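These protein sequence lines map, in sequence, to chains A and B. Residue numbering for the first sequence is 1 to 252, as defined by our numbering. Residue numbering for the second sequence is 1 to 198, as defined by our numbering.
Worth flagging that the hints you see were computed from the coordinates, not collected in a lab. In this text, all values refer to a predicted model and were calculated from it rather than measured experimentally. Treat the hints with care, as some may be off.
Per the computed footprint, the stretches of chain A lying under chain B, defined by three or more beta-carbons under 8 Å from a beta-carbon of chain B, are [unchecked claim]:
no. : stretch
1   : 67–78
2   : 90–97
3   : 141–153
Facing chain B, a subset of chain A residues (Cβ under 8 Å, in silico) [as the list claims (entries may be wrong)]:
no. : residue
4   : 1
5   : 2
6   : 3
7   : 5
8   : 45
9   : 120
10  : 121
11  : 122
12  : 164
13  : 166
14  : 168
15  : 169
16  : 251
Glycine residues also receive a C-beta, built at the ideal position from the N, C-alpha and C atoms.
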Amino acid sequence: MLAKRIIPCLDVAGGRVVKGVNFENLRDAGDPVELAKLYGDAGADELTFLDISASVEDRSTTLDMVARTADQVFIPLTVGGGIREVKDVDQLLRAGADKVSINTAAINKPRLINEISDRFGNQVLVLSVDARRAKTPSGFEVTTHGGRKSAGIDALTWVEEGISRGVGEILLNSMDADGTGSGYDIELIAAVRAISSVPVIASGGAGALGDFARALDAGADALLAASVFHFGTFTIAQVKSELASHGYSIRL
Amino acid sequence: MIAILDYGSGNLRSAQRAFELTGHEVRITSDPTIALAADGLVVPGVGAFGACMKQLEDIDGARIIAERVQSQKSLLGICVGMQILFTSGTEKGSHPGVGILEGEISELHAPVLPHIGWNTVKAPQNSKLFSGIEEESFYFVHSYGAQKTNRDALVTTTEYGADFIAAVEYGHVSATQFHPEKSGKAGASLIANWVKTL
């Protein structure tokens, strides 16, 4: 059976993990390689680095960080943030990333999806969609700038366009649920699952142990979470054990 | 020495590190002399079948593979590096493969593709690759696969929508549809199992 995936997400900038990570037995909470190893040992099925570097100088350290991680952590690694052209993807894949996720650059230039997919295959490309409730045909719209601005596109229309242009996965971030800890956005997941022919990774809102199974019930193929893992609210093992008790296939 | 065939396809860095964990020297190469002399040759591959075959031809890779098979020297194909060992593939048009293994690579029969994530396997009892790790999961990321191959090959299957071939052991030719170099401890064990056969 294909297991439902649990994916911790680390925000990085200048080659360091930003936003607090609160673990015991961690010598350097800002070292992405050490954290990646820790999560790999703890049962993470994949890892995601989101590069939020503001400057070009900081961003240049990302490749080195990816390479050092890939040298030591033998589970799949996705890198998102700051990818604007095919060359950026090529560099990340060469450094050892397995997948890349694109967001704003694809909204600004949808053709970029085709370019990346044609060159490297759709399996390397994740479309990250920051969605929130709005008066659009589906009831959800795409946002930019961390949910502050509307991109003026219906979220489901964008997912369909992304898939037809060649993305291999959808990373679905609920801007309504993100940071609330009140659970994944079940309605958003179900709406996207209904029209998506590629795997859907749900993100945003995880706060209680029961939230994970509810997101899978709504149709998510994988679950991404950050703060609940970083702050030690739950371990990955606890989440997986909870999912197994709901009858979901997980990797032990 | 283990050689990883560099024909411009795949994440070779991860593969190199993963195979180095066995304690063997690992060289990334497109030099036929090194690729033919190696104790084991790893053939990686990502992207579309036809594109991979074209890149393989650019370094005369099909001949390297055929010569190794003829001289009974081990090789391990990974992901599209497994697929191109088959007779043909139907991704983005029909393309001939290297033809070391019989069968066609076609789209998987599943509603959600690509097949991405950790899946279990059904390995035959006499499998060397899966010895001691029969119950483990491995990391897959692909939309195409093989349904059948040579009758006398040892075939390990995985189910996603329908059964497909997850791994083949056929004489000195081994191949996995999944990525052992990305499959954590289970993948490291499979790599070690393969290296033991060299």
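Please write out, lowest number first, the hints stated earlier that are contradicted by the structure. Those not satisfied are hints 3, 12 and 13.
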